[in-house]
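Going line by line, the protein sequences match chains A and B.
Final position of the first sequence in our numbering is 474; the numbers increase by one with none missing.
Final position of the second sequence in our numbering is 474; the numbers increase by one with none missing.
Don't take each hint at face value.
One copy or two, either will do: identical chains are not told apart, so a pair holds if it fits within one copy or between any two.
[Unchecked claim] Below, simulated DSSO-like cross-link-like pairs (lysine-lysine); rule was C-alpha separation at most 30 Å, straight line:
no. : residue 1 : residue 2
1   : 180       : 194
2   : 284       : 107
3   : 356       : 309
4   : 226       : 373
5   : 335       : 194
6   : 414       : 149
Everything labelled a hint here was simulated from the structure, so no lab data went into it.
2 protein chains.
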Amino acid sequence: MDRDKILLTPGPLTTTLRTKIAMLRDWGSWDADFNAVTARLRQSLLKIIHGEETHVVVPLQGSGTFSVEAAVATLVPKGGHVLVMDNGAYCKRAARLTTLMGRTCTVMGFDEAEQVSPAALDEKLGADKTITHVMLIHCETGAGVHNPLQAVADVCARHGKGLIVDAMSSFAALPIDAREVKFDALIAASGKCLEGVPGMGFVFIRKAILDGCAGQSQSLAMDLHDQYTYMEKTGQWRFTPPTHVVVALAEAVKQFEEEGGQPARLARYTKNYQTLIHGMARLGFMPFLDPSIQAPIIVTFHAPGDARYDFKSFYAAARSRGFILYPGKLTQVETFRVGCIGAIGSDEMEQAVQAVALALEDMGIASGEPAI
Amino acid sequence: MDRDKILLTPGPLTTTLRTKIAMLRDWGSWDADFNAVTARLRQSLLKIIHGEETHVVVPLQGSGTFSVEAAVATLVPKGGHVLVMDNGAYCKRAARLTTLMGRTCTVMGFDEAEQVSPAALDEKLGADKTITHVMLIHCETGAGVHNPLQAVADVCARHGKGLIVDAMSSFAALPIDAREVKFDALIAASGKCLEGVPGMGFVFIRKAILDGCAGQSQSLAMDLHDQYTYMEKTGQWRFTPPTHVVVALAEAVKQFEEEGGQPARLARYTKNYQTLIHGMARLGFMPFLDPSIQAPIIVTFHAPGDARYDFKSFYAAARSRGFILYPGKLTQVETFRVGCIGAIGSDEMEQAVQAVALALEDMGIASGEPAI
C-alpha cells in the first residue's frame, strides 16, 4: 500500500500531518502575518534554552551545515583560531568548512567511540594561547555520542575562549540551559528534534559578542550579524525565506510545547531508544557505543557477522516493510544506524524491530550478532 | 473569510494546491525514491533551457541569493575580476557579495529605468583586459527591466569572458536557449516562475568549465563543484536537502510541462501583465518603465501624486481585499510594484485592479496619476 514510510534517520524525519498541513498556504514574505510567524518562532526558540536574557536567535535559510558555516564565518575573526574537538564525521566537516574559509583550524582528535575529553581540552588551551574559539558537536550523529557540553563549556569559560556548539541533533531533546552553559553560539535546524521539515537552521548568539561580529563574515548570505540587524529593523528575513518551511516549524514548535517541551520530548525519545535497544538485543544486535555515552537520538549498531549480510539488501528488506534505516558513517567498522527521533513513539519502534527481524529472516540470517 | 491571499510579488508567489499537496509526505533524503525525484527534476530543468548537451544543473539549498553567491564563489577564481552590469538593487547585491568574498569587482552603472548597454560593455571589455567574468541580471526585479541577455552574451563570447546570469525572476518565463546564448552559469530558484515554493536555487554550469571550478570556493556549503561531484556519484545532495521544497518543485515542474512549458507560461504572464497595465491605466496609474524594456514579470508603478497617498495604507486596503502588493525598490522615485507571476490568470489580475480601485476609494484618492 502507498503508506508513508517511517524515517528512522537523523533527519529529515517523520513529521506530524498537522505540521505538514501548515504548508498548504502561501505567505508573502514581506507581509505582517508572516513577520509575526517569524517573531513568534524566534521567541519560542529562545525560550527552549532559557536564553531570553543572554542570547538572540538568528534563523538562516539552507540546511543545518549552512548555519554551522555561518556561525563560524560570523563569530570568528579573520585572524581567529578555531580548535575543533573531533570525535566523528560532523566534527571533521566543521573543521573542513572552517579551514576552507581561511580561518586557522586545529583538530583535536578523539576516538569516535568515545566522548571528547574536557581535561584534554583544558591542557590544550593552557598550551596554545593562540586558540580563540572551541567547536563542539553536542551529539555526534556519526556514531551517536553524547558529548559533555557542560564540562567543555566550563573549560572554555575558565580560559576565556569562545565556544561554538553544533547542537543540530540534540537541540530540543537533550537539555541545554543558556543560564548554566556558557556558549557564544549554538546551532540547530528545523528538521531535527523539533520535528519540522528541513530547509532552515538557526543560531543562538550571545548578546555580549553580537556587536563585535559586524563585518566579519566574508559571505553575504551567511552573515548572521547582517541577518540579525535587518530582521530586528524590519521584522523580515534579508533574502527570500523558505516560507512553507518556516510555518511548518512554527506549527511543530506549538506541538512541542503542547507535548511538554524538552523534558517530554526527551522522555519520548528515551522510551523509543529503550524499545529499540531491547528489541534489537533480542535479535542479537550489538550497539557500537557504551550506553553511558549514547544519546537517545541515533543508535549505531554493528553489522551482523553473518556472511549473508549486506547493508543494501538489509535496507531494502526493512524498507519494503515501511521503515527507512540509515547507513553507518564510521570508517573502521561496518555498522548501520537507527534514529529514535521524529513524530514516532514506542509502537513504531516495536514495529521497526519486527521489520528488522523479518529482514534478517529474508536474508537467511539467524542472528544480528556481530563478527567481533 | 480566511481565504488565501493572492501574492502579487516577485516571489514567494501563489502556488497551486497540487504543488502544496506534494508536501504532505516525508521523504528520506538518502532514499532511492527521493534520489529519483532529484534526478528527474534536474533533467527537466536542463530541458527548459535546451542545455542537455552543454550544461549541468546543480541545485542548492537556501534562497536564490545563496545560489548567486555560490555561482560566483565556484566559478570565479581568487584572482578573478568580475564586472557587474548594474541597473538595479539586485545588481548591487551581486556586486556586494562578490566584493565581500574577496573577488575583485567593478560595477558598471546604468540608469535603473534603462537596459544595460551591450555596446558600453563591449567598450569596457576592450579597455580593461583584467576582467574575467561579466555578471548580468536578466530581469532586474528592482524596477522590472528586461535586460538584453543575447546581446550581452554575444559581447562576452567575442571577448572570451565568462558570463554569469542571474535569471532568478525570468527563468521559465522568458525564453533562454543555451544553444544560442553562451553563458558559464545561469541561476534561478524554486519559488519564482516555475511556481514552486521557496527554499532552493539551482545553477546551470557550462560543462566545459566545470573541471576548472574544483577547489575555487572558499565556502563548503556553497561549493557547487563539490555539490555536483557528490550528486553525480551518489544521487544524493551533500547536505540535508529541503525535501518538501524539492518535491513541491518537481510537482510544479510537471504542471509547467503540462501547461506547455516556457512559451505557454510567458503567454499567461503576458496576458496577466496586459490585464494589469490596462486596468491600472484606467485608474490613472503610470508604469515607471518604457513598455519596450518591461518584462511581464513585475511592474513598477509610480505612486499616485495625491497627498493622501501613503504606501502602508494603500497596501493594507488592497490586502484587506485579498491582494498582497509589493513595495517599490527604487531610490529616487516613490513607486510600488505588482507581480504578474505565480499560479494566477487574468481573472485574478482583473480582481487585483478592482481591489486597487477600491483601495484608492478608501483613501479618498480620485486617480492614480503620479505627481510628475
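Each hint, compared with the structure:
1. Taking the closest pair of Cα atoms, residue 180 and residue 194 come within 30 Å of each other both inside a single copy (20 Å) and across two copies (25 Å).
2. For a Cα distance limit of 30 Å, the shortest separation of residue 284 from residue 107 qualifies neither inside one copy, at 39 Å, nor across copies, at 44 Å.
3. In the homo-oligomer, the alpha carbons of residue 356 and residue 309 lie at most 30 Å apart inside one protomer (26 Å), although the nearest pairing across protomers, at 46 Å, exceeds that limit.
4. With identical chains, the CA atoms of residue 226 and residue 373 are never at most 30 Å apart, being 38 Å at best within one copy and 68 Å at best between copies.
5. In this homomeric assembly, residue 335 and residue 194 come within 30 Å of each other (Cα to Cα) only across copies, at 21 Å, whereas the closest approach inside a single copy is 36 Å.
6. Taking the shortest alpha-carbon separations for residue 414 and residue 149, neither the intra-copy value of 42 Å nor the inter-copy value of 32 Å comes in at or below 30 Å.
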